[in-house]
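**Q** Spelled out from the first residue to the last, the chains are:
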Amino acid sequence: MNLSQRRLLINRLFSIVSAGTAIVGLIFLGWIIVTLVMKGTEALSFRVFTTDLVNGGLRNLIWGQFVLSMLAAAIAVPLGMLAGIWLQEYGNHTRYAHFIRDLSDVMMSAPSIVIGTFVYAILVVPVQHTNGWAGIVALAILMLPIVVRTTDDMLGLIPRELREAGVALGIPKYRIILDIIIRAAKVGIMTGLLLAFARIVGETAPLLYTSGTSEFWPEGLTQTYPSLTVSIYNLATMPDAEMVKLAWTGALLLAVFVLTLNIVGRYVVRDRRKK
Amino acid sequence: MEKIFARLSWLSATTLLLVLLATLYVLYIQAKPAMNEFGWQFVLDPRWGVDVIVDETGNEVHGSHDEASDVDSGGVVRLDMGDDEDAIPMEDETATGQPELAEGDLDGEAIDEEIPMEDETATGQDELAGEAKTSNIRVVYGGLVPIVGTVLSTLIAMAFAVPLAMGIAVFLSEISIDGLKTPVGVAIELLAAIPSIIYGMWGLFFFGPLVAHVFGGSSVSLLVAGLVLGVMVIPFMAALSRDAINTTPNVLKESAYAVGATRFEVVKDIIFPYARTGILGSIIISLGRALGETMAVAFVIGGVYKLAEHITDPTISIPVALANNFAESSGLSLASLYYLAFILFVVSFVIIFTAKEFLLRRSKY
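Chains as they are written, first to last, in my numbering: chain A, 13 to 287; chain B, 3 to 367.
To be clear, the hints were calculated from the coordinates, so they are not data collected in a lab.
For glycine and all other residues, C-beta sits at the position ideal for the given N, C-alpha and C.
Only pairs whose alpha carbons sit at most 25 Å apart, straight line, appear in this in silico DSS-like list of lysine-lysine: (1) A:Lys-185 / B:Lys-5; (2) A:Lys-198 / A:Lys-185; (3) B:Lys-5 / A:Lys-198.
Computed from the model, here is a short list of chain B residues facing chain A with C-beta under 8 Å: (4) Met-3; (5) Leu-10; (6) Thr-17; (7) Leu-18; (8) Val-28; (9) Pro-321.
Across the chosen pairs, the derived CB separations fall in these ranges: (10) A:Val-36 / B:Leu-46: 33 to 41 Å; (11) A:Phe-58 / B:Leu-182: 33 to 41 Å; (12) A:Ala-180 / B:Asn-252: 34 to 42 Å; (13) A:Val-36 / B:Asn-248: 20 to 28 Å; (14) A:Glu-54 / B:Pro-211: 17 to 25 Å; (15) B:Val-153 / A:Gly-68: 35 to 43 Å; (16) B:Leu-46 / A:His-141: 31 to 39 Å; (17) B:Leu-46 / A:Met-13: 50 to 58 Å; (18) A:Val-29 / B:Gly-262: 18 to 26 Å; (19) B:Lys-183 / A:Ile-28: 17 to 25 Å; (20) B:Val-153 / A:Thr-63: 41 to 49 Å; (21) B:Asn-252 / A:Pro-171: 23 to 31 Å; (22) B:Phe-217 / A:Ile-87: 39 to 47 Å.
All chains should be built: construct the whole structure from the sequences, respecting the hints.
**A** Shown next, in the form of structure tokens:
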């Protein structure tokens with residue numbers, strides 16, 4: 013076998029191996045989706061949406077998870093956007109801004125369970141029981157760095173000329189930022205926020221002992237709050253087959269919601285790129 | 003107004019720093035009792051929740067509580083004690099004790115043998131208390147088992163995920179026909195977004211039993227945990243690596259093809275060297291994710307404080323220890339869990355920060 017044949021053979025093998033790994037990876041992931049859909053639809057019925065967990069439905073859990081995530085976003089989004097604005101518009105190229113940027117990137121991959129332990133110490137221990145606010149704060153801490161990064165990146169894409177045009181018109185800087193730059197980066201930021209929201213909606217670990225979970229319709233944020241993900245975790249490990257089925261249904265609903273958010277987010281991005 | 007806005011945004015940016023410092027501080031304060039109690043030996047101590055006898059200065063008496071009872075019982079395997087982590091007699095102890103433990107736990111055999119044993123433990127304790135009059139009992143918590151569990155499960159995950167993810171990334175960017183690139187790429191990206199708890203459930207009900215069938219052992223084990231983690235990070239790693247590979251300028255690739263390089267040679271000699279930092283970065287970020295992952299592992303690692311003798315044995319990792327034992331812990335065991343959380347936080351912080359500093363140096367757009 014001469015050199016060129018050998019090279020071609022190696023190339024052929026390489027292509028096959030690479031395609032093979034891709035297929036193996038996709039099989040795994042397809043397997044997960046198929047089991048999720050098959051198991052998830054078993055207990056799926058209208059009842060799931062109309063009764064609470066205590067009666068064999070998921071209504072309170074879905075609502076609880078949604079409320080926790082929305083309120084967490086309500087804290088993290090303004091804070092994170094302001095921080096991102098500062099990084100890009102005020103502090104850019106200073107050492108402190110670089111430092112904060114790095115910190116925020118590092119926090120993005122901080123173990124979520126550790127955030128849970130932190131919030132447990134400051135918000136659960138003083139009142140002696142799990143409560144909705146603790147869950148919200150834990151989720152907000154997780155979401156904050158993602159929002160910062162998104163805002164920072166998206167503002168960075170805005171051409172300098174826009175800012176200069178604003179300055180030339182004598183507009184105060186905060187008006188330039190709010191009315192020109194944010195507006196120009198709106199689509200990108202919205203996408204990022206959607207994806208960040210999708211990320212925290214599916215979080216379980218930080219809620220385990222901050223919000224806890226309950227079987228009943230929530231009685232207020234100072235009480236233990238129902239959480240879909242924590243309940244999935246509890247139900248899935250129960251010996252009762254019906255409960256396990258319910259857990260799969262919850263997992264399916266969660267996945268569908270998260271994936272929908274992702275698809276909407278990415279779709280918006282693609283539309284923007286086409287323009 | 004302008005000033006207020008600038009201040010406000012600066013404050014928001016500083017919040018990040020404050021949150022991080024507060025986290026470190028709170029974890030440190032909470033972990034302090036355990037740090038004082040166990041010091042750095044904590045990370046090397048495989049015992050968790052074991053009573054040991056200490057003398058008045060607080061040093062452990064040579065023969066620990068467990069050992070004493072072991073000697074008394076004349077080599078009878080102590081089933082229920084084995085659960086609590088043994089100290090020194092680890093090797094022979096686990097070799098015999100562990101398989102029986104697994105069965106015993108299930109079919110209730112353990113209960114029969116437990117009753118006479120507790121008597122022996124009691125006598126052993128009396129005798130020893132008689133010998134060393136001033137001794138008292140102290141509970142020891144050590145972090146070795148969760149730390150080893152975390153490291154090993156992450157390593158297994160990486161060994162499994164890196165080749166597959168690289169294969170997918172190369173396939174998506176170089177080998178696949180154009181018509182496949184978008185759908186497969188989108189599928190991978192969406193799969194990276196699926197909540198990790200779903201991977202955990204899948205591992206518990208479907209993948210774990212399969213792995214146990216193929217490799218033997220338990221359906222909750224270190225191996226299953228590692229593989230589920232691997233499956234979880236594959237889409238994430240593949241998507242990031244593909245993006246890194248796609249940054250290679252076409253001119254470079256075309257030049258290589260023009261001088262007759264095969265596709266393999268282009269990937270090996272042009273793309274990988276060019277995208278090296280990006281690919282390494284994607285691996286390290288995935289590693290950080292696997293290290294701190296709770297839900298995908300919690301279902302399938304088993305949650306017992308025991309070093310895995312074989313790869314198919316159940317064990318525990320730091321996040322799982324936190325998830326399972328945190329709520330019902332108090333006092334020293336809670337402090338020990340905080341100690342573990344502190345270690346995990348600092349380690350993942352250091353890994354990611356070093357990666358950022360030396361590798362990624364995020365480029366400005």
